[in-house]
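Visitor: Okay, here's what each chain looks like letter by letter:
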Amino acid sequence: MRTAHRARPGWGRLLTAEVVYPAVAIALLLTVWQLTVVMLDLRTTFLPSPTAAFSKVFRSYDTFLTHAPVTIFEIVGGYALSIVLGVATAFVMVWSRVMEKIVSPILVFLQTIPYISVAPLLIIWFGFNIAPKIVVSFLMSYFPIVVATAAGMNAVENDMVDMVRSMSASKWQIFWKSRFPNSLPYFFSGAKVAVAFATSGAIVGEYVGADYGLGYLIVLSNSDTNSELLFATIIVVSAIGIGFFWLIHWMEKLCIPWHVAFREEEGHG
Amino acid sequence: MAETTILVEDVSMVFSTRDGDVHALDKVSFGAREGEFFSILGPSGCGKSTLLRIIGGLLRPTDGRVAVNGSRVTGPTPDVGIVFQSPVLMNWRTVLENVMLQAEVRGLNLKEYRQRAMGLLEMVGLAGFEDKYPYQLSGGMQQRASICRALVHDPPLLLMDEPFGALDALTRERMNLELLRIWEASRKTVLFITHSIPEAVFLSDRVAIMSPRPGHLDEIASTRLPRPRTMATMEEDTFVKTVGTIRRSLKQEGSID
Amino acid sequence: MAGTAATEILFFASEGPMARPRWNPEIYLDLLYPVAAISVFLGTWEAYVRLSGIPNYILPGPSEILLSLFEYAATLYEHSLVTGYEVLLGYACSIVLGGLFAVMVVWSSTLDKSLMPLFLFSQTVSKIAVAPLFVVWLGFGLAPKVLVAFLISFFPVFISTTAGLKSVETEMLELIRSMSPSTLQVFRKVRIPTALPHFFAGAKVAVPFATVGAIVGEWMASDSGLGYHLLLMQGELDTAGLFATLLTLSFVSIVLYVVVMRLERLAIPWHVSVRQETGLNMTW
Numbered sequence: 087m088r089t090a091h092r093a094r095p096g097w098g099r100l101l102t103a104e105v106v107y108p109a110v111a112i113a114l115l116l117t118v119w120q121l122t123v124v125m126l127d128l129r130t131t132f133l134p135s136p137t138a139a140f141s142k143v144f145r146s147y148d149t150f151l152t153h154a155p156v157t158i159f160e161i162v163g164g165y166a167l168s169i170v171l172g173v174a175t176a177f178v179m180v181w182s183r184v185m186e187k188i189v190s191p192i193l194v195f196l197q198t199i200p201y202i203s204v205a206p207l208l209i210i211w212f213g214f215n216i217a218p219k220i221v222v223s224f225l226m227s228y229f230p231i232v233v234a235t236a237a238g239m240n241a242v243e244n245d246m247v248d249m250v251r252s253m254s255a256s257k258w259q260i261f262w263k264s265r266f267p268n269s270l271p272y273f274f275s276g277a278k279v280a281v282a283f284a285t286s287g288a289i290v291g292e293y294v295g296a297d298y299g300l301g302y303l304i305v306l307s308n309s310d311t312n313s314e315l316l317f318a319t320i321i322v323v324s325a326i327g328i329g330f331f332w333l334i335h336w337m338e339k340l341c342i343p344w345h346v347a348f349r350e351e352e353g354h355g
Numbered sequence: 006m007a008e009t010t011i012l013v014e015d016v017s018m019v020f021s022t023r024d025g026d027v028h029a030l031d032k033v034s035f036g037a038r039e040g041e042f043f044s045i046l047g048p049s050g051c052g053k054s055t056l057l058r059i060i061g062g063l064l065r066p067t068d069g070r071v072a073v074n075g076s077r078v079t080g081p082t083p084d085v086g087i088v089f090q091s092p093v094l095m096n097w098r099t100v101l102e103n104v105m106l107q108a109e110v111r112g113l114n115l116k117e118y119r120q121r122a123m124g125l126l127e128m129v130g131l132a133g134f135e136d137k138y139p140y141q142l143s144g145g146m147q148q149r150a151s152i153c154r155a156l157v158h159d160p161p162l163l164l165m166d167e168p169f170g171a172l173d174a175l176t177r178e179r180m181n182l183e184l185l186r187i188w189e190a191s192r193k194t195v196l197f198i199t200h201s202i203p204e205a206v207f208l209s210d211r212v213a214i215m216s217p218r219p220g221h222l223d224e225i226a227s228t229r230l231p232r233p234r235t236m237a238t239m240e241e242d243t244f245v246k247t248v249g250t251i252r253r254s255l256k257q258e259g260s261i262d
Numbered sequence: 018m019a020g021t022a023a024t025e026i027l028f029f030a031s032e033g034p035m036a037r038p039r040w041n042p043e044i045y046l047d048l049l050y051p052v053a054a055i056s057v058f059l060g061t062w063e064a065y066v067r068l069s070g071i072p073n074y075i076l077p078g079p080s081e082i083l084l085s086l087f088e089y090a091a092t093l094y095e096h097s098l099v100t101g102y103e104v105l106l107g108y109a110c111s112i113v114l115g116g117l118f119a120v121m122v123v124w125s126s127t128l129d130k131s132l133m134p135l136f137l138f139s140q141t142v143s144k145i146a147v148a149p150l151f152v153v154w155l156g157f158g159l160a161p162k163v164l165v166a167f168l169i170s171f172f173p174v175f176i177s178t179t180a181g182l183k184s185v186e187t188e189m190l191e192l193i194r195s196m197s198p199s200t201l202q203v204f205r206k207v208r209i210p211t212a213l214p215h216f217f218a219g220a221k222v223a224v225p226f227a228t229v230g231a232i233v234g235e236w237m238a239s240d241s242g243l244g245y246h247l248l249l250m251q252g253e254l255d256t257a258g259l260f261a262t263l264l265t266l267s268f269v270s271i272v273l274y275v276v277v278m279r280l281e282r283l284a285i286p287w288h289v290s291v292r293q294e295t296g297l298n299m300t301w
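Chains as they are written, first to last, in the working numbering: chain G, 87 to 355; chain L, 6 to 262; chain S, 18 to 301.
Everything labelled a hint here was simulated from the structure, so no lab data went into it. Mixed in with the good hints there might be a few duds.
[To be verified] Below are the EDC-like pairs computed for lysine to aspartate or glutamate, each with C-alpha atoms no more than 16 angstroms apart in a straight line:
id : chain 1 : residue 1 : chain 2 : residue 2
1  : G       : K263      : L       : D223
2  : G       : K278      : G       : E338
3  : L       : K256      : L       : D210
4  : S       : K206      : S       : E186
5  : L       : K256      : L       : D223
6  : G       : K263      : L       : E109
7  : L       : K32       : L       : E14
8  : G       : K257      : L       : E109
9  : G       : K187      : S       : D47
Given these sequences and hints, build the entire structure.
Guide: What follows is the structure in structure tokens.
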């Protein structure tokens, strides 16, 4: 997508690059898929056609209306938790050198752990309710936020810090006026990655033990070899993921209109 | 006799790095008078930026004493404005907001200083640009905004660390003239760091010449050029001679090959 | 976490800049902070478990987990071979195909325009949600696990390598083009060296992803592997065994991570991220 900026295209070219090509590619994919299913006369249990899968979303809308809110709630809970704690951790690391020395190496170690594997343990602790899903969702999305936000807070030029210091600024003012705003673009790029992880976390949490939620629905339709429902659920999960992504993207645009990514092309390049 | 604004006595600076100690400054002493335009001239790596940061109270010297306006520097010097080589403007603030940062952090009356900031922006030719973001400005305009930021709280002392070093030669000459205009109007004490001999001579009352490894001060030369100075000043005999003298003494020190 | 002290030393010894002598005491001084913090954490945990009398199926103490680790050593070893194999195969596919597709997409703008939207579209589909499908299609063997591990870890490798290949400065490209090179030469002399740091950043991010993929694959259907063993321990309410399995799993992931980090040091000793590794250098 970034390639589009190189030649500074007009709106028409931008539209071609960012809308038309993907639309054509996706339409082509769906058509090939549909034709394959129809021509080869595949069983729905093996591979339902895209039209069947999409129509299943609407045919079973009451099922999704029961299960989707549960998953959405878990995602929001885990994600909100990781934003609050992630930014707090980054702040503590940037604020205190000792904390940085303690936390940073531990984080390097912790972030390589495949957190999904904690789910069975959390089921023992919290039972089949939504708490373990929120925790897995949190664990999955926490590290990208910490890493990105801390990087952003540290990425302030030395001259910038010296400049604010020369104004007899307090440590808090230096943080609030320079490090914090500087970290926002980094935070948002971490947050966009994290929202997909939070979604995966909630789904996997439901795989391991749940009576509700889209992850439960996936496991259920899988064991019933109800591929139509399985595909419909995957579509719903994807839609939720995209919805969250756009929400964050929209908030980003709102919060950092000054950032390179959102600048209008004008004035001095 | 004007009062001494900056007093530097036997200042030494040693940075300890993994590869051993680096002597950045070795017993540097000088004084700059109130209202004086004082330049420090030297090649890269002679420790002149370190010296500026020590005077601004941003770095603590390993040895020696620094006093500004008669009081010893122990932390960031209170009444000072700093201009760095890069404009270090905040991307997320408009030009006016960048200038007003100084007033915000210092807890000054925002309404009152807003007026002053607008006045300064107008003086440097940025009227109408106050609501633009830094990326919408050219390099020279950005640096002018950062000069406004350094002046907005009306500090008696202005520290400038190669402020025009990143600009093209033509813009640089224009900025030099503008800086002199601002200075003549306010008569602040200016400590100006540069590695350009003509720039130092053109702007300053006195020029301190530094040599590297370890950074030390060789001599202080008075320029003795009449003010106000214009482009024509650069063609005067005194100017050309002074530049020549300074170049020779730098060569003697082995700072230029 | 009791069993990881050795890993940590391995870890942090490789964090320092190149110029730093190998046995510099500073490394160990820096190590002191996290080790002290972890020791305090483990000590408090152990003390809490002993003093509160909390049932060990809820929370076993670190000592009990360590014992369990020894008790299950042989079983865990067997299972980690299975999982390790799945992770390695899936990860290797990601590295090879991720790198290959990145080169293809940058090489030809036609491929860029037609493949890129599909890759980006595929990103919107939760791979973890798709995992059960592969069991339907591929059965209970090795294949579905490798496939899920591959699918989850492919994108970070592909996207950061693509970004790296495209991050060559215009001047540099113009310079090499003035020497009338072949496209292959442009890649070999300029694009690939520029892309290597990006490639390794993506490859490091992909490590835990591949592990996650293998585990989720095992959860769908399997009778061996650490993911399977996790569920087994959960079913038996053997929480100490569960912790021991978690540790082994993390160990597998970390060993792979360290190997990739070492390879990075060998491949790009000139790069900033290697010269002054802060550890937190994941590029998103």
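Visitor: The structure should be examined with respect to each hint, and the outcome stated for every one.
Guide: Status of the hints after comparison with the structure:
Restraint check for K263(G) and D223(L): not satisfied, since their Cα atoms lie roughly 40 angstroms apart, outside the 16 angstroms limit. For a cut-off of 16 angstroms, the pair hint linking K278(G) to E338(G) stands: about 9 angstroms separates their Cα positions. Using a Cα cut-off of 16 angstroms, the hinted pair K256(L) and D210(L) is violated, with the two alpha carbons roughly 22 angstroms apart. A threshold of 16 angstroms between alpha carbons decides the hint, and for K206(S) with E186(S) the separation of about 13 angstroms falls inside it, so the pair holds.
A distance of roughly 12 angstroms separates the Cα atoms of K256(L) and D223(L); the hinted pair therefore holds under the 16 angstroms criterion. Of the supplied pair hints, the one linking K263(G) and E109(L) holds, its CA atoms being roughly 10 angstroms apart against a limit of 16 angstroms. The suggested pairing of K32(L) with E14(L) holds, with an alpha-carbon distance near 7 angstroms, which does not exceed 16 angstroms. At roughly 14 angstroms between alpha-carbon atoms, K257(G) and E109(L) fall within 16 angstroms of each other, so this suggested pair holds.
A distance of roughly 7 angstroms separates the Cα atoms of K187(G) and D47(S); the hinted pair therefore holds under the 16 angstroms criterion.
Hint compliance for this structure: hints 1, 3 are broken, all remaining hints hold.
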